[in-house]
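Protein chains in written order, with my numbering: chain A, 1 to 178; chain B, 1 to 178; chain C, 1 to 178; chain D, 1 to 178.
Rather than coming from a laboratory, the hints here were simulated on the basis of the structure.
Cβ coordinates follow ideal geometry from the N, Cα and C atoms, glycine included.
Mixed in with the good hints there might be a few duds.
What the hints assert, rightly or not - Here are some chain C residues pointing at chain D (derived, C-beta under 7 angstroms):
#, residue
1, I22
2, A45
3, G49
4, K122
To be verified - Ranges between beta-carbon positions, derived for each pair:
#, chain 1, residue 1, chain 2, residue 2, range
5, D, S19, A, R135, 53 to 63 angstroms
6, D, T21, C, F32, 23 to 33 angstroms
7, B, R175, A, D65, 36 to 46 angstroms
8, A, D63, B, S19, 15 to 25 angstroms
9, D, E41, A, G87, 50 to 60 angstroms
10, A, E41, B, R175, 51 to 61 angstroms
Said to hold, decoys possible - To spell it out: a stretch of chain D is covered by chain C in this simulated footprint if at least three of its residues, at any positions, have a beta carbon under 8 angstroms from a beta carbon of chain C; those stretches are:
#, segment
11, 26–38
12, 96–109
What follows is the residue order along each chain.
There are 4 protein chains.
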Amino acid sequence: MTALDTRTLADRSQDGVRSRTITWTDPAQSRFRGRSMNGLERLLAIQRGELAPPPAATLLGMDLDEVELGRTVFSMLADEVHENPMGTMHGGIVAALVDTAMGCALSSRLPADAGFTTLELKTNYVRAITQATGRVYAEGTVVHSGGRVATTEARVHDSNGTLYAHATSTCLILRGNR
Amino acid sequence: MTALDTRTLADRSQDGVRSRTITWTDPAQSRFRGRSMNGLERLLAIQRGELAPPPAATLLGMDLDEVELGRTVFSMLADEVHENPMGTMHGGIVAALVDTAMGCALSSRLPADAGFTTLELKTNYVRAITQATGRVYAEGTVVHSGGRVATTEARVHDSNGTLYAHATSTCLILRGNR
Amino acid sequence: MTALDTRTLADRSQDGVRSRTITWTDPAQSRFRGRSMNGLERLLAIQRGELAPPPAATLLGMDLDEVELGRTVFSMLADEVHENPMGTMHGGIVAALVDTAMGCALSSRLPADAGFTTLELKTNYVRAITQATGRVYAEGTVVHSGGRVATTEARVHDSNGTLYAHATSTCLILRGNR
Amino acid sequence: MTALDTRTLADRSQDGVRSRTITWTDPAQSRFRGRSMNGLERLLAIQRGELAPPPAATLLGMDLDEVELGRTVFSMLADEVHENPMGTMHGGIVAALVDTAMGCALSSRLPADAGFTTLELKTNYVRAITQATGRVYAEGTVVHSGGRVATTEARVHDSNGTLYAHATSTCLILRGNR
Numbered sequence: 001m002t003a004l005d006t007r008t009l010a011d012r013s014q015d016g017v018r019s020r021t022i023t024w025t026d027p028a029q030s031r032f033r034g035r036s037m038n039g040l041e042r043l044l045a046i047q048r049g050e051l052a053p054p055p056a057a058t059l060l061g062m063d064l065d066e067v068e069l070g071r072t073v074f075s076m077l078a079d080e081v082h083e084n085p086m087g088t089m090h091g092g093i094v095a096a097l098v099d100t101a102m103g104c105a106l107s108s109r110l111p112a113d114a115g116f117t118t119l120e121l122k123t124n125y126v127r128a129i130t131q132a133t134g135r136v137y138a139e140g141t142v143v144h145s146g147g148r149v150a151t152t153e154a155r156v157h158d159s160n161g162t163l164y165a166h167a168t169s170t171c172l173i174l175r176g177n178r
Numbered sequence: 001m002t003a004l005d006t007r008t009l010a011d012r013s014q015d016g017v018r019s020r021t022i023t024w025t026d027p028a029q030s031r032f033r034g035r036s037m038n039g040l041e042r043l044l045a046i047q048r049g050e051l052a053p054p055p056a057a058t059l060l061g062m063d064l065d066e067v068e069l070g071r072t073v074f075s076m077l078a079d080e081v082h083e084n085p086m087g088t089m090h091g092g093i094v095a096a097l098v099d100t101a102m103g104c105a106l107s108s109r110l111p112a113d114a115g116f117t118t119l120e121l122k123t124n125y126v127r128a129i130t131q132a133t134g135r136v137y138a139e140g141t142v143v144h145s146g147g148r149v150a151t152t153e154a155r156v157h158d159s160n161g162t163l164y165a166h167a168t169s170t171c172l173i174l175r176g177n178r
Numbered sequence: 001m002t003a004l005d006t007r008t009l010a011d012r013s014q015d016g017v018r019s020r021t022i023t024w025t026d027p028a029q030s031r032f033r034g035r036s037m038n039g040l041e042r043l044l045a046i047q048r049g050e051l052a053p054p055p056a057a058t059l060l061g062m063d064l065d066e067v068e069l070g071r072t073v074f075s076m077l078a079d080e081v082h083e084n085p086m087g088t089m090h091g092g093i094v095a096a097l098v099d100t101a102m103g104c105a106l107s108s109r110l111p112a113d114a115g116f117t118t119l120e121l122k123t124n125y126v127r128a129i130t131q132a133t134g135r136v137y138a139e140g141t142v143v144h145s146g147g148r149v150a151t152t153e154a155r156v157h158d159s160n161g162t163l164y165a166h167a168t169s170t171c172l173i174l175r176g177n178r
Numbered sequence: 001m002t003a004l005d006t007r008t009l010a011d012r013s014q015d016g017v018r019s020r021t022i023t024w025t026d027p028a029q030s031r032f033r034g035r036s037m038n039g040l041e042r043l044l045a046i047q048r049g050e051l052a053p054p055p056a057a058t059l060l061g062m063d064l065d066e067v068e069l070g071r072t073v074f075s076m077l078a079d080e081v082h083e084n085p086m087g088t089m090h091g092g093i094v095a096a097l098v099d100t101a102m103g104c105a106l107s108s109r110l111p112a113d114a115g116f117t118t119l120e121l122k123t124n125y126v127r128a129i130t131q132a133t134g135r136v137y138a139e140g141t142v143v144h145s146g147g148r149v150a151t152t153e154a155r156v157h158d159s160n161g162t163l164y165a166h167a168t169s170t171c172l173i174l175r176g177n178r
């Protein structure tokens, strides 16, 4: 698996001290290049590698696996660097994964001149994610989309379909002023 | 400010491609060294630099500013690497900051042989955080702590006291089996 | 429809002052009669009219329409008595409907000597419910059920399938001490 | 206490069957009479008995105890009629109490031609409320109020200050179109 190889190559470990180099692209470039694309086109361009993903996705190691109108799947390989003091994936990093999957599911339905902002996000954690879990997948979908407000939901599972977390979110849609 | 200096030194930018090297410590070492400390002692040891922070805190750039029984303050310097596609701090990274402040506020009240797991976390986002915001501070406190379940809350503000986000969380306390 | 008939008969209106008489059964009787039933048996007994519904269900006018293992449907006829100052169904009454549907979905999977308590409930309101909406239905299901903690979700729709609200909840399961 | 007297007079009990008569006022009258008042004036008029409370408040037995700019206290006497199958106050009825306190706290800051709608409400339940608890008080306050969106919070306690529940909510402000 590519991500695993990258991890092995990038990390340098000595006496319990490890380091990794994160590489990302100036996000202003992506915003400029994608300015006339609608949400779905932007996501497809990221998936094809034509548009750089946002820095937060790179920092956390989130990959865009699937995108269609109103639905995305993002995944992440559970990694030591995601660990909280209990040795499991930090709840905030799980929240970042579901927020990304849900926000992009909504974005995939928005025209070029619209944007959105997340008003609130609730995540339920039902099982701890550890390095042994491997890759986890967040499927985000739009539950309701009105003129001003949308709601979305997501579920996080592993490759066997075991559920780890689920979430719902409220977003405010910003029209004509992205 | 130290974090800013580190950022300047660590980043290498060329044609819009930037990179940064993250360095962390094997978290199993911290868990072993801190195994007989109670929650407050562990946090104070991290604050004094005697115990390594968990990898997720290092990856995201979270600093422990204050800790006392039932209350912590964690902060983070808003950075390009935290950005979502809109150019603001990713909601999941804000969630990570509040989850850390709230979880450690609870942890500060737990004995050495107890732990906890976050059952759910809701974050309300009231203002976008950008690099211009500078450093943001999450103050986490324990609202209710019973035998099995605790609830916590957090507020995120900048150095002027402007509010950016607030959150509440439910945690399950695990006794005698950390 | 029975509920409508009852409403017409029970209400007395004069100069804008209306009154209605609510009739319920001592809930201690139901708890005593249902003490050896498991959760599903209790719900089926309520549905058949052999066990009195809890007082809150009577006060709010909630009907149990469907019950099976891990899933229930409760409904309510939107009524003037449910109105908030804006003339729509009070958000708390919608919350009561989803809490009932979700809690009973979980209850339907519990043995006679187990109970549960709701730790938290989040409801998203996506459309206002008015008297013109007619009857609204909340379908509650169990998302995750572990040894100590369960999560549930619900959706509220009208008879045309239009969505009005959705919710998720975390419950603590109490074994052997109901 | 008035509420207790009313309860004793209104209830008729025979063989475990109890009944109570609820009396309310056509809410269209209150909306008409209060149409030129701002939110605070409307709440003060309800408190003085000059404007009828909304039907849901009457049905559930909610009293407006205190109101000032951005803050309200509503209370409710725990009653058999509020009970869920476990014999405690139904979580949805607690949600109605906090939703009322929070929504009216926001309303107290709105001009006559503005309204709001609740987008989402999360309640944490930390202790069961029973008839032995007596009267419970929900203090609702505004956390953030922007041009389009506001957030609010509430805490429910008894007359000794013991905490039973707390909540946060997101509201969409509707200007010039109430």
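How the hints compare with the structure:
1. Contact between I22 of chain C and chain D, as hinted, is supported at the beta carbon level, the nearest pair being about 5 angstroms apart and thus within 7 angstroms.
2. Interface hint status for A45 of chain C: violated, as the beta-carbon distance to the closest one in chain D is roughly 12 angstroms, over 7 angstroms.
3. Checking G49 of chain C against chain D: minimum C-beta separation of about 14 angstroms lies over 7 angstroms; hint violated.
4. For K122 of chain C, the interface hint holds, the least distance from its beta-carbon to any beta-carbon of chain D being 4 angstroms, beneath 7 angstroms.
5. Distance hint check: the CB atoms of S19 of chain D and R135 of chain A are about 60 angstroms apart, consistent with the given range 53 to 63 angstroms.
6. Under the hint 23 to 33 angstroms, the C-beta atoms of T21 of chain D and F32 of chain C, about 28 angstroms apart, fit the expected range.
7. In this structure the hint that R175 of chain B and D65 of chain A lie 36 to 46 angstroms apart at CB holds, the actual value being about 39 angstroms.
8. Roughly 19 angstroms separates the CB atoms of D63 of chain A and S19 of chain B, a value that falls within the hinted 15 to 25 angstroms.
9. The supplied range of 50 to 60 angstroms is met by E41 of chain D and G87 of chain A, whose beta-carbon atoms lie about 57 angstroms from each other.
10. Evaluation of the 51 to 61 angstroms hint for E41 of chain A and R175 of chain B yields a pass: the beta carbon distance comes to about 52 angstroms.
11. Remark: the segment 26–38 of chain D is confirmed as covered by chain C, as 6 of its residues place a Cβ nearer than 8 angstroms to a Cβ of that chain, reaching the required three.
12. Interface restraint, the segment 96–109 of chain D with chain C: holds (7 residues with C-beta to C-beta distance below 8 angstroms; minimum three).
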